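Residue numbers (my numbering), protein chains in the order written: chain A, 1 to 652; chain B, 653 to 1080.
In short, the hints are calculated from the structure, not lab data.
Be aware that a few hints might be false.
[Stated by the list, open to error] Mimicking DSS-like on lysine-lysine, the simulated pairs with C-alpha atoms at most 27 angstroms apart in a straight line are:
| no. | chain 1 | residue 1 | chain 2 | residue 2 |
| --- | --- | --- | --- | --- |
| 1 | B | Lys800 | B | Lys788 |
| 2 | B | Lys1017 | A | Lys510 |
| 3 | A | Lys267 | B | Lys784 |
If you're wondering where the values come from, they're calculated on a predicted model, not measured in any experiment.
Here is what each chain is made of, one letter per residue.
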Amino acid sequence: MNCSAIRLWRLFAAALISLSCSTGVSASVSETADSTLLLTEVHVTATRRPLATAQTLAGADLRALSSTTIADALKYFAGVQIKDYGGLGGLKTINVRSLGSQHVGVYIDGIRLTNAQNGTVDLGKFSLSTLESVELYNANKLDRCQSPTEYASGATVYLQTRRPQTDSLSVLAAAGSFHTYRARATAEFNRRGWSGFIDAEYLNSKGDYPFRYKSEYEDTVGRRRNSDIEFFRTEAALFKNGFASHFYLYRSERGCPGGIVRRLSDKYTNIGREWDTDMFLQGSYTHRFNSSHQVKFNLKYTHEYLRYFTDYPENQNTARVDNHYWQNDAYASAAYVWNATKWLWLNAGYDFRASWLDADLKKFSPIRRHDQKAVLAMQFHYSGFRVAASVLYQHYRDYTSLNVGAADPLNRTTPSVTLGYTLNDLSLRAWYKCIFRVPTLNDLYYTQSGNRNLKPEYTRQWNIGAEYHLTPANWLLSAQADIYLNHIDNRIVCLPLRGTYTWSMMNYGKTFCRGLNSTLSAAVTMNRWRLSLLTSFTWQRDLNRTDPEDEDTYNKPICYAPTFSCGVTAIAEWRFLSLTVSNLYVSSRMWSYADPEDRLTPYNNVDIKLTGQLRHWMLSAEVNDLFDVQYEHIPRYPMPGRNVKLSLTYSF
Amino acid sequence: MKLKTFFLFCILCFTGMTLSGQERIILLNEGNWQADNGKITYFVNDAVVSNQWFRDVNKQKLGDTPNDIIQVNPNLIAISVNWSNIIQFIDTDGRAVAATEDVPNNRKLATDGTHVYVSSYGHECATVSGFKYFTKGFVAKIDISTFKVVDAVEVGYEPEGIAYYNGYLFVANTGGYAFQEDHEYETTVTVLDAATLRTVRTIDTGQINLYGKLSQSGRYLCINSPGDYYDVPAATIILDCDAAIAGLNDRDCFVKLDYAATYSCTAADGSFYAIGSRYSYYTGEYTFNYVSIDPRRVMESGGAEGVGDNIPGSVIADIQKMGMPYGIYVNPYTGYIYGTDAGSFAAAGALYQWTPDGKLLGKHKVYINPAHFLALPPDGMEFNGVEPVTDTHCPPSAIYNLQGIRVTHPLPGQLYISNGKKFIYNHQ
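Using the sequences plus the hints, can you model the full thing?
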């Protein structure tokens, strides 16, 4: 792809993103629409001068990164911490500005990925191959026609599916370190206004990577065991104008290795194995009635099955577990936007979600949760000034025949406000958002730990920031910096109960965070060269404000939060070759307050990727963790060191 | 009690030694699960010598989740390191002597001085005569002359507490995996003949899940049951070993008390201190208790008498102020009282020290989840845990007199030094 094509592609993508929210319609909510109002022309400002704090990786930059899952792409964003248990099969979750992973909503084409059972999304299950862009919004996106769910998290990640432009077929075969093999086939079409794709991928990895722990008290060398994964993923999408649909099916079997602890031999190792089947089917339809009314409908059905099994006899340490969990989730939403005047639009939305959880645990019976949300949002702009405000109402009610009974219904209303001012290439913004996460079904009802009296975990965020864009003919420069402050109250944590041998979920803990996120990106095009640089920088100080009496923990940094981290990615493209070098630095993190030695060492990760394209063929070689740095996100869960991947793609 | 201390003090003055070795406490900090950070605190008199004693002495880590510690003979200590599947043997200076992983998922320890008996939730055991496999849990017998498992026998599901008394082993079965596995909670105590490992009898207490610390006071055992936290509330079983050996009916061997003994210990006067809470997931409510139990009176009265609040001084008041009480212990040699607070679980726990009459002496920072205690004999006192040890099972280290001259024929009752440690030779 040459650079003008890339630009066109990006423009198109940008247009799509704005289109998907600005093609007209009317709503199912009780608001009555005034059909005589005028059309406003906004989507250029909406995309070029985002009011929200946002970071985007799209198109060529996204493809140039050496990444297999979206976790690999997100780790380069400012303010992001990825928690990774290591290996391809290890759980990967995202934490933004230390709010906690359950405050981060992940959306595919504007519809949230949900898990009523535990509230987290394993990023390892989603591939970049079908995506056009990955975006991170602190607080939430501020588009015109959004469903209430899009307002309901402390930070939001948008995965935008690619809409094919032509008919094509591509086949990929790849091999990598630690016995990793991958194959993928993608068929795309675009005819008579309809477009779509089918994407199928298979991966098999033994994941037997070597690791080493060397300190004054040990020199442990070994290979990760029970870290294998095999998955099959199929996705299909169909689009036409305001209609978009997506089908996703993921089946996997994986080992769940434990922490590396002292053992006299390798005789006993395993913790367990896990089987997953995740499926969803979603559709959305956006319609613009005339210049001033627009509606959007979303529908989604999700099914998730999980089996967890502990191996015997290799695993003598735990109960012989063979548990099955089933979740079903149905979701419907309607949103309406009214472009009231040239300088004001109003957005109203309602959505309803029903979730069912069943499991063959003892003392457990099925749980049904009804989750309703309504939002009222407005955006006002005059000259360079902009104001966006929203009020979100949420109602949760659970039904169960469990002996402990269902939790009391929950009703809460939370606000958010954003102010912005744009002068030429410079934009300034300030925002506030208050939002909570509702206790998950595990938090409330899990056998021998659930606590149905939990309160929601609240976050309040304040942010001021500035963004600067320069776009002369052959190059572009953009920089942004945000300073933030956030409070988290009533953290939901699992703690042992006083004077018993059992644990329970509890509301315990307050966190106070201050931080700075900034990004700088630049790109230059000269003759046949295109050079681009993407950098992100995060400084943060997250303090534990739980117990003023406890001098060991009060006002001390919260565990696992680095003070600063920074990512640099440089991409050079020349004719048919592309070279990417990225470096990610993360400073040291405490993992307990008990001993100054209980700290994860800082690490520096260098990844290189070289891609060559010739006619229908593309060959790509990458080396991750070039200097074989040994590091961890969780103590005693080593990350793979240096590893190599080779892939060959044929497309026509 | 005070008399004992006074007596001890006199002995120490007599032998011209300082008080430097009066209180010697080894404390196991469990650490965090799967973080490989189990650590040993070594505490002498009124100060922590080290919070990573094993690491300091051996330049290696102890492992993940140490779960029990006992002294086997004057020179040998056994530690079960549960998640590491290791039984670690150390000497009284903390030096690693041997380790075995033949008893996976090991829980608690008991000894007769020549063998270590280990309860295990696992289902297989490597013995000298090959692997043994079990449907339920088992008890393994380790010979400390070879550190090999010489025999193992199946007991109930998930056996936890284990005690040695007069040639018999008493094993409390929990069935604790019942909330996940396809069996019910256990309600039994298995009595084994320690020599043959044959099951002598099984006492049904009628109370499920006999889990947690088991304390022993002569012929009496104090066994906790947390219940199931739903329908069955916590209870304490007081069991009379002599009655069990004599073949009395099950119901005459024990008394069930409606208290939790989540943390228990044997006091200097032979009573038990039991601290704990009865929690219910239905109501989310706690009922805390802090009681002293006189087992003889409890047995004689069928539970009508013998439970009181004779925990001395400010011990209860101080424990009530703790964030998360995690262990209680009375030094059997001196009567000093110890307690631990696990605090917030991500931060260091604290060790509390009280005089025998319950006056708080100090609070000391230890490590994460401080839970299991062992007192070493004070200077001039001999390990008094079990019957005398014979030479065939424990080849003695070189013995020196106080002048540093090696002695081949030590005299009983005289003070010598062995392994860098003073002791009174009492071998018969």
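Do the hints match the structure? See the list:
no., hint, result
1, B:Lys800 - B:Lys788, "22 angstroms, holds"
2, B:Lys1017 - A:Lys510, "24 angstroms, holds"
3, A:Lys267 - B:Lys784, "15 angstroms, holds"
When each numbered hint is compared with the structure, no violation occurs for any of them.
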